[in-house]
Amino acid sequence: MIELSRLHCRFGSFALRDISLRIGKGEYWVILGPSGCGKSVLLQTIAGFFTPEQGQILVANRDLRSTPPECRNMGLVFQQSALFPHKSVRGNIGYGLVARKVPRDNVKRAVDDLVERLGLQAVVDRPVATLSGGEAQRVAIARALAIRPDLLLLDEPMSSLDHNTRLELQVELARVHKELGLTTLHVTHSREEAAALGDHIAVMLGGRIVQRGPTADVQGKPRCPFVARFLGLPLDTGASLPACAHACAEKPGECTSSESS
Amino acid sequence: MKQTWKQSLAVLVVLAALHVGMGLVPDPPFSVGMNLALFFTNIFVFSAAATVLRRRSARTVGLFVAGYTALFLLVLVLLGKAPLFILLVVAYAGFFGAPVLLGFFAIFVVCFVVLQPFAFETFIPLSLIYSVFWRTRGRASLFARLCLCGGLVALAVVLFPLISLGMQDSLQTLWHTFTRGDVASAIWLSLLTSTVATVVLALWAVPLAYALARIDFPGKRWVESMVDVPILVPQSVAGIALIVLLGPGSVLGSVLESLGLPISGSLFGIVIAQVFVAAPFLIKTAMTAFESVPLQYELASRSLGASPAATFARISLPLASRGILVGATLAWARAVSEFGCIVLFASSPVTAPVLVHTEFLRAGASESRPIAILLLIICLWVFVMLQFGQTLLPFALRRPRPERRA
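From first to last, the protein sequence lines are chains A and B.
Quick note on numbering: the first sequence equals residues 1 to 261 in this note's numbering.
Quick note on numbering: the second sequence equals residues 262 to 667 in this note's numbering.
According to the in silico footprint, chain B covers these stretches of chain A (three or more CB under 8 Å from chain B):
{"id": "1", "region": "38-49"}
{"id": "2", "region": "89-103"}
For each label pair, taking beta carbons as the anchor points, the in silico distance ranges come out as:
{"id": "3", "chain 1": "B", "residue 1": "Trp642", "chain 2": "A", "residue 2": "Thr67", "range": "48 to 54 Å"}
{"id": "4", "chain 1": "A", "residue 1": "Ala129", "chain 2": "B", "residue 2": "Gly442", "range": "49 to 55 Å"}
{"id": "5", "chain 1": "A", "residue 1": "Ala196", "chain 2": "B", "residue 2": "Arg482", "range": "44 to 50 Å"}
{"id": "6", "chain 1": "A", "residue 1": "Ala196", "chain 2": "B", "residue 2": "Ala472", "range": "42 to 48 Å"}
{"id": "7", "chain 1": "B", "residue 1": "Arg482", "chain 2": "A", "residue 2": "Pro68", "range": "24 to 30 Å"}
{"id": "8", "chain 1": "B", "residue 1": "Ala571", "chain 2": "A", "residue 2": "His163", "range": "35 to 41 Å"}
{"id": "9", "chain 1": "A", "residue 1": "Ala129", "chain 2": "B", "residue 2": "Gly323", "range": "51 to 57 Å"}
Chain B is faced by these chain A residues, among others (derived, beta-carbon under 10 Å):
{"id": "10", "residue": "Cys71"}
{"id": "11", "residue": "Arg72"}
{"id": "12", "residue": "Asn73"}
{"id": "13", "residue": "Phe84"}
{"id": "14", "residue": "Pro85"}
Hints listed in this document are in silico derivations from the structure and should not be mistaken for laboratory results.
Quick reminder that beta carbons are idealized off the backbone N, C-alpha and C, glycines included.
Please build the complete structure, drawing on both the sequences and the hints.
So, in C-alpha cells, the structure goes:
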C-alpha cells in the first residue's frame, strides 16, 4: 500500500499543498486536472526527483521521502516515451534489470516475457527511432514494468497519441493492470481516459487535491462546480467546498478553498 | 519562315559590312585572316543564338548580348587576345542554352583569364560553391541561397592564403623536408603533445561540462565566462603568466625542478600550455552537447534504478559523445596550433609551429614554407578524419531539420 500524507512541496511561486492520498495494493488511481495544476510535479515528487518540505511518502510503511529515485522501485512512463535512443528496444526494456546487475539470462527471460505480454514481437528488433508513438509508448511501459515496480507512475502517457492508438493503448493498459495486479498512478487531463481506466479518481486544481474517491462516487457526486465542470457533468451549484469563493470560475487554475480533504 | 530568312540575311549583311569596315579603316585592329575568322565566328554565334533564343523573352536576348559584350570587352579590348576570344565566344554561344554549364563557363573565364596566376586555386572552390548554389535550387529561398554562397565565397577568400600555400611546393620538396630529422621530430612532438593535452583536458573538462549543463548555482554565469578567459587572453600574456608561476627561478618551478620535474622547456611544459589554451573549446562544446540530452532520459534512467554515476556513464555520456568528440577535435586543433604561449614558456623541445617560426627567422619564408605546408596538410588530415570519425559514434541526437521551403 502506498500512502501520501500531507505532502507540501514548493517550486518558486507554485506549490503542492497538503496532498494526501491512500492507494491500496492493485488499485488504479487517475489524477485528473487541468494543465498547470501540479499533477506531473506531484508524480515526479513521488518518483523522487523533488524533495517535499513536509509530509511523508510511505510505501509498505517505509518513508521514502529522502530515498533517491533509483532506490524507490517505481516505474515511470513519460508523455514522450523518453526511450533511450542509443539502445535497442530490447536494451531499453532490460535497462532497469541491467542497472540492477541482474544476470543476463534472467534479463533476457524477463524481456521476452514482457515483449510477449505487450505484443511487441514485431518491433523488438527495430531501432527505437523508427517506432510509432503507440509502439514507443508500449516499449516505455514494458521498460517500466520490467523492474516489477511497487508503483507504476504514468505521466500523461497517451497525450501525444492519436485517438485510435490511444483507445488501443487504454485497452492494453487495463489488461496488463489486471493481469499483473499493478498499483498504478496515472496522471492525465482527459476525463475519458480517467473514466475508462481508473477505479479511483483524484481531481487536482492549483496544487491541491479537490476531490478523490472511487470513480463512480466522484462522477456521481462532484464536490464543487469546478469538479463537475471538469468531469463534464451538469453544474451542481448546490455543492461547493467549505469557504469556496468560486475563484476557479474567474481565474483558471485558482482555488481558494480553505480545506481540501 | 520567309520573315526569318529575311531577318537572317539582314543580320549577315550588317555583320559583313561591320567586318569589311573594320578591315578598311586605316591601321586596322586585326589582320585580314583574323578578321575573316572573327567574321565566321560571329556568324556561328548568331546562328547558335538564333536557335537558342527563338521565342525567348527580350530579357534573355538582352542577357545573351550582355554576356557577349562582356567577353568582347574583357578578352578582346582589355587583353587583346583574339584567338582566345574566338574560342570563348564559340563556347559561350554553345553553353547559353544550358544555364548550369553557362555558370561554370563564367567561373572558368573569370578564373583562367582574370585570375590567371591563381587559376586552379580559385576555379576549384568557386565551381564547388556554384554547384552548391545550383543544387540547393528549390530547397531554399533565393535569399538563403545567396546568403549561403556569398558567405562561402567570403570564407574561401579568408582561407585563400592556406589554399594557395598548399599549392606552393612540389611533393618532392615536401618529402625531402619531411625526412629532415628536426622537421619530423618537431611534427611528431606537436602531434604527441597535443594528443596528450587533449586527453588530460578531457579527464576533467567533460565532468565539468556535465555539471555546468545540469546544475544551476549562484554565480554560474560567472563561471561560464571564466571558462572563456583563455580565448580572451593574448597568447604571449598566457606565456608570461606561466613563466612567472612555473618558470625557472619561480618558487613552484624550483620546487618541481628539485623533484626532477622541470616544467619550463620540457614536454610537460608544452602540455600545460596546450591544456591552458585548448580548455574553453572542449568545455563549451561538451556543455552544449550535454544540454542537448533531454533531462527526461536521465530521469527515466534514475527511476529504473541506475545511480547518478551509472546514468552518466550509460545515458548522458554516450548521447553527448558526438558533441564531446567535436569539442575534443577543436581542442586538439587549438593545441596543435598553439605558438605564442609555447615559444615563450616551453620553446624547447621544438614543436612544429615554433620550428616554422625559427626557420623563418633563420632562412626566410622560402625555407620555412615546406614545413608550414607539411604541418598544414597533416593537421588538416587529422582534423578531417576526426570530423568524419564522429559519424561512426553510435548515436547523435536527432536535430530538428530545417523545413523545406520553396
